[in-house]
Amino acid sequence: AQTIHQWPVAEIKAVGSPLSLGCTIKGKSSPNLYWYWQATGGTLQQLFYSITVGQVESVVQLNLSASRPKDDQFILSTEKLLLSHSGFYLCAWSPDWGQDTQYFGPGTRLLVL
Amino acid sequence: GDSVTQTEGLVTLTEGLPVMLNCTYQSTYSPFLFWYVQHLNEAPKLLLKSFTDNKRPEHQGFHATLHKSSSSFHLQKSSAQLSDSALYYCALSDGGYQNFYFGKGTSLTVIP
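So the protein lines, in turn, are chains G and R. Residues in the first sequence are numbered consecutively from 1, following my numbering. Residues in the second sequence are numbered consecutively from 1, following my numbering.
In short, the hints are calculated from the structure, not lab data. Please note: incorrect hints may appear among the correct ones.
No farther apart than 27 Å at their CA atoms in a straight line, the calculated lysine-lysine pairs in the BS3-like style are these [said to hold, decoys possible]:
#, chain 1, residue 1, chain 2, residue 2
1, G, 28, R, 77
2, G, 26, G, 70
3, G, 26, R, 104
4, G, 70, R, 104
The following label-pair restraints were derived from C-beta to C-beta distances [said to hold, decoys possible]:
#, chain 1, residue 1, chain 2, residue 2, range
5, G, 53, R, 17, 42 to 52 Å
6, G, 53, R, 69, 38 to 48 Å
7, R, 41, G, 84, 18 to 28 Å
8, G, 3, R, 40, 17 to 27 Å
Here a beta-carbon is modelled for each residue, glycine too, at the ideal position from N, C-alpha and C.
Just chain R, with the same shape it has in the complex (with noise of 0.2 Å):
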């Protein structure tokens, strides 16, 4: 079945520093790849969504490119900044409109 692997639970980077956060994925299909973050006692929010085509999407600093070959959709930002401080959901959609798979989570604090 479907599935999202996320890699690193917690996270903690200073202020300015590089951000990755790797996602893997395994699809039977051709899934979109999303990246959704959450603020403590918020509901989680849109932050990334793959194209079908090369383009790499971008929202807010943040990017991730959907790596067919190696089943990848890591989050990447040049520059960490407090704000960021967030729980980051990967999520997989297997095409259609039914079923949606969330990884754990990666929990990414930043620190000045």
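Chain G on its own, in the form it takes in the complex (with noise of 0.2 Å):
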């Protein structure tokens, strides 16, 4: 069975500190991965989508950034948090080819100060 992990549960982090946020898909080889940000009370919005390695697309920047270093993980990143970045981070997978469904992670809270 497939497992999607992410770091960290949650943070509190100073406006115009760095952000790294952590994804990793067990049990799939070659998924393909998303980054969404949920705002409180908001609905979901899809940042980026990686369908292989070294490859990432932006749907909506938000200041932030996205890599894909190996097939099971997916990082989001930034080197100034803004207080507008504080939210709901959920990474996503789906199977490679032919089908749609995604699968969410656990998420990551972010408060920015």
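Hints given; two lone chains; assemble the complex.
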């Protein structure tokens, strides 16, 4: 069975500080990977997707960047946090071909002060 | 561009009454439609996904029918349970694997 893990579980960071959030998928090779952001009380906004190692496409940047250094790893980062970055960050994966269902990780709660 | 519209931001129902949450969409392609459910402080989980044929997906008593003529994928359940209280998102995939579009979500509260 596939498992998806996100770290950290939660973060409190200062405005202007750097950020790195991680996501790992186990039990599935070559998954499609996605980052979503959810403001408190808001909808899910897709940020990035990746279909292979080293390749990431931006949907909405929000002064964030993403990388896929390994087949099973997806990283979301920024050098300078803004207050507007606060929210719930979700990583998701989907099978590589022919199916579109997304499976979400447990998420990381970020509070920027 | 593709989009999903969910009506009724907040819905409160008495236990035992039927549930219907509306979802309409716009898409250039023949999309896949999904319903996700998110309980408090948890990640969204897939509830239902549309089929390419006319089958009606069902899960945990919920069902939804894709009507291409009206671009709708409404979520229904015959009898609401207290445990159904959650945030429900309708979502659309353009048939590839890149872009997913989520509606604004409908918060369902079931009261005794």
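Violations among the numbered hints: 1, 3, 4
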